[in-house]
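Chains as they are written, first to last, in our numbering: chain L, 1 to 107; chain P, 1 to 148.
Calculated directly from the structure, the hints in this document are not laboratory data.
We put the CB at the ideal spot given by N, CA and C, even for glycine.
Check the hints yourself; a few may be wrong.
[Unchecked claim] Derived DMTMM-like pairs: lysine to aspartate or glutamate, alpha-carbon spacing no greater than 25 Å straight-line:
| # | chain 1 | residue 1 | chain 2 | residue 2 |
| --- | --- | --- | --- | --- |
| 1 | L | 66 | L | 13 |
| 2 | P | 116 | L | 96 |
| 3 | L | 61 | P | 94 |
| 4 | L | 66 | P | 137 |
| 5 | L | 98 | L | 80 |
| 6 | P | 103 | L | 77 |
| 7 | P | 17 | L | 77 |
| 8 | L | 8 | P | 86 |
| 9 | L | 8 | L | 20 |
| 10 | P | 48 | P | 86 |
| 11 | L | 61 | P | 64 |
| 12 | L | 61 | P | 96 |
| 13 | P | 116 | P | 46 |
| 14 | L | 61 | L | 96 |
| 15 | P | 103 | L | 4 |
| 16 | P | 103 | P | 78 |
| 17 | P | 116 | L | 13 |
| 18 | L | 61 | P | 113 |
| 19 | P | 103 | L | 65 |
| 20 | P | 17 | P | 86 |
| 21 | P | 103 | P | 20 |
| 22 | L | 66 | P | 94 |
| 23 | P | 140 | L | 80 |
| 24 | L | 66 | P | 96 |
| 25 | L | 66 | P | 113 |
| 26 | L | 61 | P | 111 |
| 27 | L | 99 | L | 20 |
| 28 | P | 140 | L | 13 |
| 29 | P | 103 | L | 38 |
[What the hints assert, rightly or not] Derived coverage of chain P by chain L (criterion: at least 3 residues anywhere in the stretch with Cβ under 8 Å from a Cβ of chain L; other residues may be distant):
| # | segment |
| --- | --- |
| 30 | 64 to 74 |
| 31 | 79 to 87 |
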Amino acid sequence: MSMDTVFKALADDTRRQLLDRLFARNGQTLGALCEELEMSRQAVTKHLALLEAANLISTQKHGREKLHFLNPIPINEIADRWIGKYERHRVRALADLKKHLEGKTDD
Amino acid sequence: MTDKFVYVTYIRTTPEKVWEALTTPEFTRQFWFGIAQETTWEPGAEWKLVGSEGKVYDTGEVLECDPPRRYAVSWRNEFRPELKDEGHSRCVMDIEPAGDLVKLTVTHTIDREGSKFIQSVSGGWPAVLSSLKSLLETGKALPRPTIG
Numbered sequence: 001m002s003m004d005t006v007f008k009a010l011a012d013d014t015r016r017q018l019l020d021r022l023f024a025r026n027g028q029t030l031g032a033l034c035e036e037l038e039m040s041r042q043a044v045t046k047h048l049a050l051l052e053a054a055n056l057i058s059t060q061k062h063g064r065e066k067l068h069f070l071n072p073i074p075i076n077e078i079a080d081r082w083i084g085k086y087e088r089h090r091v092r093a094l095a096d097l098k099k100h101l102e103g104k105t106d107d
Numbered sequence: 001m002t003d004k005f006v007y008v009t010y011i012r013t014t015p016e017k018v019w020e021a022l023t024t025p026e027f028t029r030q031f032w033f034g035i036a037q038e039t040t041w042e043p044g045a046e047w048k049l050v051g052s053e054g055k056v057y058d059t060g061e062v063l064e065c066d067p068p069r070r071y072a073v074s075w076r077n078e079f080r081p082e083l084k085d086e087g088h089s090r091c092v093m094d095i096e097p098a099g100d101l102v103k104l105t106v107t108h109t110i111d112r113e114g115s116k117f118i119q120s121v122s123g124g125w126p127a128v129l130s131s132l133k134s135l136l137e138t139g140k141a142l143p144r145p146t147i148g
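With the rest of the complex left out, here is chain L (with noise of 0.2 Å):
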């Protein structure tokens, strides 16, 4: 659970886009997440149990399935560790701008 295997986790893009499908839909089964990535269920057996390892996904049995969430309370303590308190709505303000500029919203 240090944040070696927090950022060895994050460093792979399917797992990045394995916490991208939780983001868009939280608590989905290992065959709803499979579908959506088009790979086999042992290679993202492999790769959740690699985010969960890292507690960077967290799970809950629902009745026969088991349903997987995004847990962001990691990649909190890394803004933590290096956004100051008082800085962060200004950081936010840039990406905001930085959006803007692009072109680009959350909307």
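Assemble the complex: chain L is given as a structure, and chain P must be docked to it using the hints.
Leaving out everything else, chain P in the frame of chain L:
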């Protein structure tokens, strides 16, 4: 369908300390940016989330209480009409020993999809949990993050 998030943090402490931090208002205000839970913790008892100036932010009731392992409360926002209209959510805290750490899991659920309430609280929990972790591990809570 339901909207739900499940946040997990590992804290180097004991389940009893986590329980005390969450259920003792003077302790809770230190890490929850001035906010505390007010209740007797009896199942069925009224539950309130109250700011240091006495403002009631959220209300509900105690659904389960099993110290120092688990509590569940029903939880409805009281100060933003569009969130209050969504009705009661359910917040469950699970505190489990994990080696020399404690695994704290917050599960917040509401019986609707596209919930603005869940979206709103999901942004607040990470800062609260980081601050709780910091207070229990180092004796210092984190300053309130600026949302802007």
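Inset, instruction - Could you check the structure against the hints above and give me the numbers of any it violates, in ascending order? - result: Violated hints (numbers, rising): 4, 8, 14, 16, 17, 20, 28, 29, 30 and 31; every other hint is consistent with the structure.
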